[in-house]
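Number of protein chains: 2
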Amino acid sequence: MTSKDAISHMARALSEAEGAAARGEVPIGAVVVSAEGRVMAAAGNRTRELNDPTAHAEMLAIRAACAEIGDERLVSCSLYVTLEPCPMCAAAISFARLKRLYYAASDPKGGGIEQGARIFSQPTCHHSPEIYPGIMEAEAVALLRDFFAARRD
Amino acid sequence: MTSKDAISHMARALSEAEGAAARGEVPIGAVVVSAEGRVMAAAGNRTRELNDPTAHAEMLAIRAACAEIGDERLVSCSLYVTLEPCPMCAAAISFARLKRLYYAASDPKGGGIEQGARIFSQPTCHHSPEIYPGIMEAEAVALLRDFFAARRD
Numbered sequence: 212m213t214s215k216d217a218i219s220h221m222a223r224a225l226s227e228a229e230g231a232a233a234r235g236e237v238p239i240g241a242v243v244v245s246a247e248g249r250v251m252a253a254a255g256n257r258t259r260e261l262n263d264p265t266a267h268a269e270m271l272a273i274r275a276a277c278a279e280i281g282d283e284r285l286v287s288c289s290l291y292v293t294l295e296p297c298p299m300c301a302a303a304i305s306f307a308r309l310k311r312l313y314y315a316a317s318d319p320k321g322g323g324i325e326q327g328a329r330i331f332s333q334p335t336c337h338h339s340p341e342i343y344p345g346i347m348e349a350e351a352v353a354l355l356r357d358f359f360a361a362r363r364d
Numbered sequence: 212m213t214s215k216d217a218i219s220h221m222a223r224a225l226s227e228a229e230g231a232a233a234r235g236e237v238p239i240g241a242v243v244v245s246a247e248g249r250v251m252a253a254a255g256n257r258t259r260e261l262n263d264p265t266a267h268a269e270m271l272a273i274r275a276a277c278a279e280i281g282d283e284r285l286v287s288c289s290l291y292v293t294l295e296p297c298p299m300c301a302a303a304i305s306f307a308r309l310k311r312l313y314y315a316a317s318d319p320k321g322g323g324i325e326q327g328a329r330i331f332s333q334p335t336c337h338h339s340p341e342i343y344p345g346i347m348e349a350e351a352v353a354l355l356r357d358f359f360a361a362r363r364d
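Protein chains in written order, with the working numbering: chain A, 212 to 364; chain B, 212 to 364.
So that you can see chain A by itself, here it is in the shape it has in the complex (with noise of 0.2 Å):
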């Protein structure tokens, strides 16, 4: 995975990010990228469209990358979130086996990883993907930065 594959798909990620605010979403994004590099699955945010509080950006990529597959893991393959994922998302990561989180910005309100429940680091996690955090953290941040300050208007 070149640096350049890795801006690529952010980029998508930030894309379904913008197409979540479009929507009235908070705008996060998520990616399921296979080892060859192709993209799976990408989803925004759409827990008010759905009614669901689950339908985190990255829950529906995984679910939707799994049943692409047919299969309840994901080994082997990358997620791109443009937000640090939440306590929920980061075990469902864990569960699916991924081999690589990359995410855009940190989140100290509601992340899971840096922050708070930290669920790689705890002794009842049982699967970790490697974590590269930062990519694309500039665009992300301001995304998020405008859709709430417009919704503070």
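Covered stretches of chain B (in silico footprint by chain A; criterion: 3 or more residues with CB under 8 Å from a CB of chain A, positions within the stretch not fixed):
{"#": "1", "stretch": "268-277"}
{"#": "2", "stretch": "282-288"}
{"#": "3", "stretch": "291-299"}
{"#": "4", "stretch": "325-339"}
From the structure, some residues in chain B lie toward chain A, with a derived Cβ separation under 10 Å:
{"#": "5", "residue": "Thr258"}
{"#": "6", "residue": "Arg259"}
{"#": "7", "residue": "Leu261"}
{"#": "8", "residue": "Asn262"}
{"#": "9", "residue": "Thr265"}
{"#": "10", "residue": "Ala303"}
{"#": "11", "residue": "Ser305"}
{"#": "12", "residue": "Phe306"}
{"#": "13", "residue": "Ala307"}
{"#": "14", "residue": "Arg308"}
{"#": "15", "residue": "Asp318"}
{"#": "16", "residue": "Pro319"}
{"#": "17", "residue": "Lys320"}
{"#": "18", "residue": "Gly321"}
{"#": "19", "residue": "Gly322"}
Bear in mind the hints are in silico, worked out from the structure with no lab data behind them.
Note that the Cβ used here is the ideal one computed from N, Cα and C, for glycine as well.
Keeping the supplied structure of chain A fixed, place chain B upon it in accordance with the hints.
For chain B alone, coordinates are given in the frame of chain A:
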């Protein structure tokens, strides 16, 4: 909510867990109950059947209950589950704003309430339910023990 009602709802969750075992799934069941005591949704694990690592009993029951009322929050509702929720399900319980969580057995290996991630004790957790562990614990433990013993044979 009388103790008799709580036992009745946990018995329903155990029945869902037995159904999961019959399908070859890890025997865990969950029920969402309204403030008036009505069963809104009931589910057992379906991760294998659905090829979905997120298809834990709690997640399916929460999603079904939210779909039924057309709301991503289950304020004033209770969740009954036969095993201590994992971090994924605990975070979903928080997002759904469930008022009460009843669970039968503790899960030292994978639980996210009393151990490991301790989701509801984190500063990044913005809603915690009232928690009532231990109802029908012996029955839930026996069901899990028998299931895993049979698989080892």
